[in-house]
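Chemist: If you want the building blocks of each chain, they are given just below.
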Amino acid sequence: MPVHIESVSHRYGTVAALEGVDLDIADGETVVLIGPSGCGKSTLLGIIGGLLKPSDGVVSLSGTPPVESLNPFTYIFQDFALLPWRSVRDNVGLPLEHRAIPAADRAGRVAAALALTGLTDFADAYPRQLSGGMRQRVGIARALVVRPAVLLLDEPLSALDAQTRQLLMDDLLAIWGREPATKIYVTHNLEEAARLADRVVVLSRRPGRVREVLRIDVPVADRARPEHAARLAEVQRRLWDLIRDEAATADREMVDG
Amino acid sequence: MAERRPIPFRGGGFDPVPRPIVPWLALVAILGLWQVASSTGLLPPLFMPSPATVMRALVDLSADGTIPRHIEASLRRMIPGWLIGTAAGLAVGIAMGIFSTARASGLPIVSALFPIPKIALLPLLILWFGIGEPSKIATIALGVFFPTAISAYSACDSVPRNLIRMGQSFGLPGADIVRKILLPGAMPGILAGFRITASVALLLLVAAEMIGAEFGIGAFVLQAGNLMQTDHLVAGVALLSILGLLISFGLGHLERWVLRWR
Numbered sequence: 001m002p003v004h005i006e007s008v009s010h011r012y013g014t015v016a017a018l019e020g021v022d023l024d025i026a027d028g029e030t031v032v033l034i035g036p037s038g039c040g041k042s043t044l045l046g047i048i049g050g051l052l053k054p055s056d057g058v059v060s061l062s063g064t065p066p067v068e069s070l071n072p073f074t075y076i077f078q079d080f081a082l083l084p085w086r087s088v089r090d091n092v093g094l095p096l097e098h099r100a101i102p103a104a105d106r107a108g109r110v111a112a113a114l115a116l117t118g119l120t121d122f123a124d125a126y127p128r129q130l131s132g133g134m135r136q137r138v139g140i141a142r143a144l145v146v147r148p149a150v151l152l153l154d155e156p157l158s159a160l161d162a163q164t165r166q167l168l169m170d171d172l173l174a175i176w177g178r179e180p181a182t183k184i185y186v187t188h189n190l191e192e193a194a195r196l197a198d199r200v201v202v203l204s205r206r207p208g209r210v211r212e213v214l215r216i217d218v219p220v221a222d223r224a225r226p227e228h229a230a231r232l233a234e235v236q237r238r239l240w241d242l243i244r245d246e247a248a249t250a251d252r253e254m255v256d257g
Numbered sequence: 001m002a003e004r005r006p007i008p009f010r011g012g013g014f015d016p017v018p019r020p021i022v023p024w025l026a027l028v029a030i031l032g033l034w035q036v037a038s039s040t041g042l043l044p045p046l047f048m049p050s051p052a053t054v055m056r057a058l059v060d061l062s063a064d065g066t067i068p069r070h071i072e073a074s075l076r077r078m079i080p081g082w083l084i085g086t087a088a089g090l091a092v093g094i095a096m097g098i099f100s101t102a103r104a105s106g107l108p109i110v111s112a113l114f115p116i117p118k119i120a121l122l123p124l125l126i127l128w129f130g131i132g133e134p135s136k137i138a139t140i141a142l143g144v145f146f147p148t149a150i151s152a153y154s155a156c157d158s159v160p161r162n163l164i165r166m167g168q169s170f171g172l173p174g175a176d177i178v179r180k181i182l183l184p185g186a187m188p189g190i191l192a193g194f195r196i197t198a199s200v201a202l203l204l205l206v207a208a209e210m211i212g213a214e215f216g217i218g219a220f221v222l223q224a225g226n227l228m229q230t231d232h233l234v235a236g237v238a239l240l241s242i243l244g245l246l247i248s249f250g251l252g253h254l255e256r257w258v259l260r261w262r
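One line per chain: the protein sequences are A and B, in this order. Taking this note's numbering as reference, the numbering of the first sequence is continuous, increasing by one, and the terminal residue is 257. Taking this note's numbering as reference, the numbering of the second sequence is continuous, increasing by one, and the terminal residue is 262.
Only chain B is shown next, with the shape it has when bound in the complex (with noise of 0.2 Å):
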């Protein structure tokens, strides 16, 4: 009889394995090695401010009133501007989903005006509106707008057509179809494209805020590079990053409550 040998195993590997603590140990590594490097003068505080120098800031500024006065300022330009964009896009994208004529009409003059940066439009809009908040809010809204309307037709467009044959197949009326299977089914697609659009709403602001603004995130950060006051600057750019985490993880409550059937 031969000799029986066991079978080697060569599979695994590549499967991820969850690795709850180490997340927490990277972050910590990072901060621990740049307060090493700042407090053993490798980092220069004019160039780049210790984490603890960073937390007084945001403590401090935080306390004073400075901090909520900018944050509240560039939340009164971003929330505004994010709607706005949000409701024209998502209007002429659906339509775009369900008229061949707007779809005829619309595609090619949104897809022609999309990759403009939006920013390239500040100056016109300031004409238009002044040096005020309507051209920050505009600006916004006019990059919000764009991806939201692409994002709403293809969500539409990708709704299975089986489905729709299927409402037509039952007698369902026209609006019960864009009601019940087509505006549900895009759900999911319209809902990813709010994530781009936050981040596309959220870089408007700060640009915007920098080429002129009195408060604001971006113009304060704008203010402490030009005071070389890098402890603030830091906190500036660190109090951008939670407002971004706070978006995203708003936005993943709203998708897992209006998606909770998948």
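Just chain A, with the same shape it has in the complex (with noise of 0.2 Å):
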């Protein structure tokens, strides 16, 4: 569903992470986040998901989610944010327990996200069991489970390895390709940013600011096939020079100044 973004700023006591962040995002549509470090990226995504009360402006949605769709706004975290003391089933059930829908629904719907993230298996083991590609993919099944209408991913892959990050993000690109939701992406990675966004929308160091909004002309689906390789590459090249400096300067700034 489109989701608007109106002047939004954000201040943590004196210091401002954000600063009058205007964005329309498109329903379905793709958008990555990226910037230096601190420059707000993971605050937008929390004041977006309404975890976050922003200092000022205000993000609204278009139109009214569908029925199915329990919990419209979805996180995926970095960290997984799963709970060590339920099993893989249970994790990915807890975000239905408190609503008010049929067992036999419920069911259902855990096995269909499990059956989605090849899970099928594994859904008795506990977290500590699974590798960190397993762990986040316990993530995604628990976010698709409430059939959100925006899937807010945050730094989804950064805590994985390299080869798992290949890996995970191949499954995101299928699982995307049956799903409906918008996707608010954010990360640090070029080759993420380059391989999963329609636009990638890049922000100036803190405060963040909007710096500059990338479309990205290559279909999503068709961005593995080598005559696309150099485009991308481009396309990476390009952000990497638009956050190059500010990079380096917010790398050598104070942490809390």
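Hint data in this document are derived by calculation from the structure and do not stem from the laboratory. Since we're looking at a predicted model, the values are computed, not measured. Here a beta-carbon is modelled for each residue, glycine too, at the ideal position from N, C-alpha and C. There's no promise every hint is true.
Residues from chain A shown here face chain B by an in silico Cβ test under 7 Å; the list is partial [stated by the list, open to error]: (1) 71; (2) 72; (3) 81; (4) 84.
Fit the two chains together into the complex; they arrive one by one in their own frames, and the hints show the way.
Modeler: What follows is the structure, given as structure tokens:
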């Protein structure tokens, strides 16, 4: 569903994290937010999902979410945020337990989400028994089970090693083909941005502002093909050109200054 | 071509290696040395009875019902005292972990009263409740209450904020966040607190029984000392050690069962 971000600003005490961010996101679009560390991209994601109250500005959703969407704005977290005392199945079922839906529907949704993420055989395992990649698949299944209208992905692959990251990126793309949700994806990884985004929003360093919006004209489904490799490499180079100086400056700033 | 020399090994050494028989050997060695010292007269029986004498005292006193009677009297104080203190401590500690107002009002008070050695309050509690059982149970309950409240509070506090955010992001009601995220997440810390409060309860039990009781392991040890029956005295101390070990063993099992997801 279309999401509208209107002149959103946020301050932590006296530190301005975001300043006057305006952004319209179309239905079903994948928007990747990138920027130097500390630019407020995770803060913006927290505001969009209603976990943080912006100091100024409004985030709104056009239209009414479909009835089967139990939790219109749904997160996938960098550190997975799984409950270690619950099995995979019970972690995935957690968001449904307090909803008034028939038990059969509940079990069906959980089974479908487990199947989609390749977790069916691991349903009774506990998070500690799983690799990082499998843990994040649980996080993805838990998000899909509520049929989100807007998926908010907060550096979902950053805690994974490079190889697992590649595998999960492919999984995300396969899942996204069937998911109508609008996706807002925060990362600092340029390769992820070039692979996954319809549009990349580059934020400036603190306080974060929209510095540039870059549309990638290669269809997401075709990006693995070799004839597009040069184009995507160019996109990554362009993104790096936009970020490099600011990242270098941000790197030299005192963290709490 | 240069000469090839193998690289000398310099790791290892500090790695713990399992030594399954050594603990038993050490125990046997100590008991053996002790017995030898007693048999040769190096340890006068008035100061320190031999292990064999202590064993005999334990067997005799068990057979004639003395030990069971004292143990029963002790457990009738320790178990209610620990349960009352734990229930109240968990209620206050968890409330401080959930509600900012409870934390702001309760934490300074609990922290200020926590360091008081609770046995110092026994005379006051005797004035309130009389010399009988309630004052002893109250001392134990009070001693258990404060560490329980503090460990339950910090256990709630140490539940990762991100898990709570996750619950909020899925629209879980507050009660569900407490029941499904906060309390299970605080369980390891709460159970670790039980180990501390069990030893506090045992300590206060013995102290309270030495101050004024006819029965109970503490009273038994004190009487044995007054009568210079060192074999009974050491037998009583051995009982306390066994009681402590049993409690710790039981709590270990409880922990492994409750935290089986770890």
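Chemist: Against each hint, give a clear statement of whether it holds in the structure.
Modeler: Hints, verified against the model:
1. Residue-level restraint check for residue 71 (chain A) holds (minimum Cβ-Cβ distance to chain B is 5 Å; threshold 7 Å).
2. The criterion of a C-beta within 7 Å of any C-beta in chain B is not met by residue 72 (chain A), whose closest approach is roughly 10 Å, and the hint is violated.
3. The criterion of a C-beta within 7 Å of any C-beta in chain B is met by residue 81 (chain A), whose closest approach is roughly 4 Å, and the hint holds.
4. For the restraint placing residue 84 (chain A) at the interface with chain B, the shortest Cβ-Cβ distance is roughly 6 Å, inside the 7 Å limit, so the hint holds.
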